[in-house]
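Each chain, written out:
There are 2 protein chains.
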Amino acid sequence: MTMLRNNFIIKPIGYVKNTKDKETLRYSNKSIEFDMKTAASQKNDLIISEIIINEEHAETLDGIEEFSHLIIIFWAHKTPEKARQIKKVHPGGLKKMPLKGIFSTRSPIRPNPICITTVRLLERKDNILIVDRMDAINNTPVLDIKPHLRYYDVPHNVKIASWVNELMNEYAKLYDRLKRNFNFK
Amino acid sequence: MTMLRNNFIIKPIGYVKNTKDKETLRYSNKSIEFDMKTAASQKNDLIISEIIINEEHAETLDGIEEFSHLIIIFWAHKTPEKARQIKKVHPGGLKKMPLKGIFSTRSPIRPNPICITTVRLLERKDNILIVDRMDAINNTPVLDIKPHLRYYDVPHNVKIASWVNELMNEYAKLYDRLKRNFNFK
Chain Z
1 MTMLRNNFII
11 KPIGYVKNTK
21 DKETLRYSNK
31 SIEFDMKTAA
41 SQKNDLIISE
51 IIINEEHAET
61 LDGIEEFSHL
71 IIIFWAHKTP
81 EKARQIKKVH
91 PGGLKKMPLK
101 GIFSTRSPIR
111 PNPICITTVR
121 LLERKDNILI
131 VDRMDAINNT
141 PVLDIKPHLR
151 YYDVPHNVKI
161 ASWVNELMNE
171 YAKLYDRLKR
181 NFNFK
Chain D
1 MTMLRNNFII
11 KPIGYVKNTK
21 DKETLRYSNK
31 SIEFDMKTAA
41 SQKNDLIISE
51 IIINEEHAET
61 LDGIEEFSHL
71 IIIFWAHKTP
81 EKARQIKKVH
91 PGGLKKMPLK
101 GIFSTRSPIR
111 PNPICITTVR
121 LLERKDNILI
131 VDRMDAINNT
141 PVLDIKPHLR
151 YYDVPHNVKI
161 ASWVNELMNE
171 YAKLYDRLKR
181 NFNFK
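Those protein sequences? They're chains Z and D, same order as listed. Here the first sequence is numbered in the numbering used here, starting from 1 and rising by one per residue. Here the second sequence is numbered in the numbering used here, starting from 1 and rising by one per residue.
These are calculated hints, taken from the structure and not from any lab test. Accuracy of the hints is not assured; some may be wrong.
If chains are identical, the list can't say which one is meant, so a pair holds when it fits in one copy or spans any two.
[Claimed, not checked] EDC-like mimics (lysine to aspartate or glutamate), calculated; alpha carbons at most 20 Å apart, straight line:
hint, residue 1, residue 2
1, K125, E50
2, K11, E81
3, K22, E66
4, K11, E59
5, K88, D62
6, K22, E56
7, K30, E56
8, K17, E50
9, K78, E33
What you are looking at is a predicted structure, and each value in this text was computed from that prediction instead of being measured.
Given these sequences and hints, build the entire structure.
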C-alpha cells in the first residue's frame, strides 16, 4: 500500500499558444477572484488556440483528425503552491456565490491543478492542433489529449447544484456589462 | 519559457476501493491487449466503488452531494514506465482494430497515464464517495474530482472515428460470449 502514498511525476506533452495572457479567475487573499479588468481586456474562451505538441509525440496524435471534439487535460500553472491548500471557494470567484468545497467546483485552483476542457478540433497540422473554446491561457502546459466519446463522457439524468445556474446568470450579466462598457466582443 | 520544460509533481488525493483487482486491458509485448480471462473473472465496469478521500481533503468535498455525476481523474498506476513510450496501439487491445496514435484512443497506457471517467454519485459518507461505473481497479490513486457540467463537458455536433463503433460492436460480441461460456453477469 506504499504505492498510494507516492507522488507521481508528470511531464507535459506540449503547451497552449493563444492571445489570452492572464487568467480572469485568479488567486487573491487566500481565495479566488473574478478579475473584471482582465476579462474586459480579452475575448475569454472563444479564442482560437494552437496546441503545440512536442515533436516526440507527433506520431502519438495519428488518427486524432477523425474526431471533432477532444478533451484537453492541462496544468493550471499559474496556481501558486500555497493556493493548493485552499479547501473552499466562492464559485466563479464571485463573493455572492456560496462557499463550496473545491472538488464540487471547476476552480483551476485545487490540490492538483489539473483542468479538463472539451474543445472543437478545427485542424491538425502535424504536431499542432488548432482548436476553439480552449479555456486556458497562453503557455499553459498540456498533459494529455483524448477523444470525446459520448459513451464515456455524456451521462444521463444529470442533476447539478442550483448555484451553477446562478453563476451562469451572474456571468451573463457581467459579460453584458463588459459589452456595454468596454467595447468587448 | 523554461516553465514548459518542467515536470510537475502530483500527490494523490485518495484512492479507489472495489472488487476489481486486475485490468482487463494490459500492457503486453510493447502494446496493449484485452485479457479475456480477467474479463471473465469480474463484472467489469458495473461494479460499485468507494472513493476514499484522504482525511485532509474531506472538507474540500463539501457541496459535492448536490451533483449526480462526477468526473474522476485518476492515475493508471499499473502502466509500466516503459509502456509510456508507446506511440500507437490497437484500440481496446484488439488486434483486428487499426493501429491508432495513443492520443486518439482512451488507452490507459499513455505518456502521462491520466484517465478520466464520469460516474454516478450514489452517496457521500464524510470522506468516502460511493459511485457506480467507475472504470478503475482496486487501489487506483485518485488525482482530482470535478462535477460534470453539461455546459463544459457536453459538446454538440460530435463526430467520432468509425473504429469506435466497430470496437463497441466487438466488445458487445466478446461480452456475449463471456455470458454464454463463463456464467458472467
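Outcome of the hint check:
1. K125 - E50: within (10 Å within a copy, 42 Å between copies)
2. K11 - E81: Intra 18 Å, inter 13 Å, cutoff 20 Å: intra and inter.
3. K22 - E66: neither (32 Å within a copy, 31 Å between copies)
4. K11 - E59: within (17 Å within a copy, 30 Å between copies)
5. K88 - D62: between (40 Å within a copy, 8 Å between copies)
6. K22 - E56: Neither: 29 Å inside a copy, 31 Å across copies.
7. K30 - E56: between (39 Å within a copy, 17 Å between copies)
8. K17 - E50: within (5 Å within a copy, 39 Å between copies)
9. K78 - E33: within (14 Å within a copy, 39 Å between copies)
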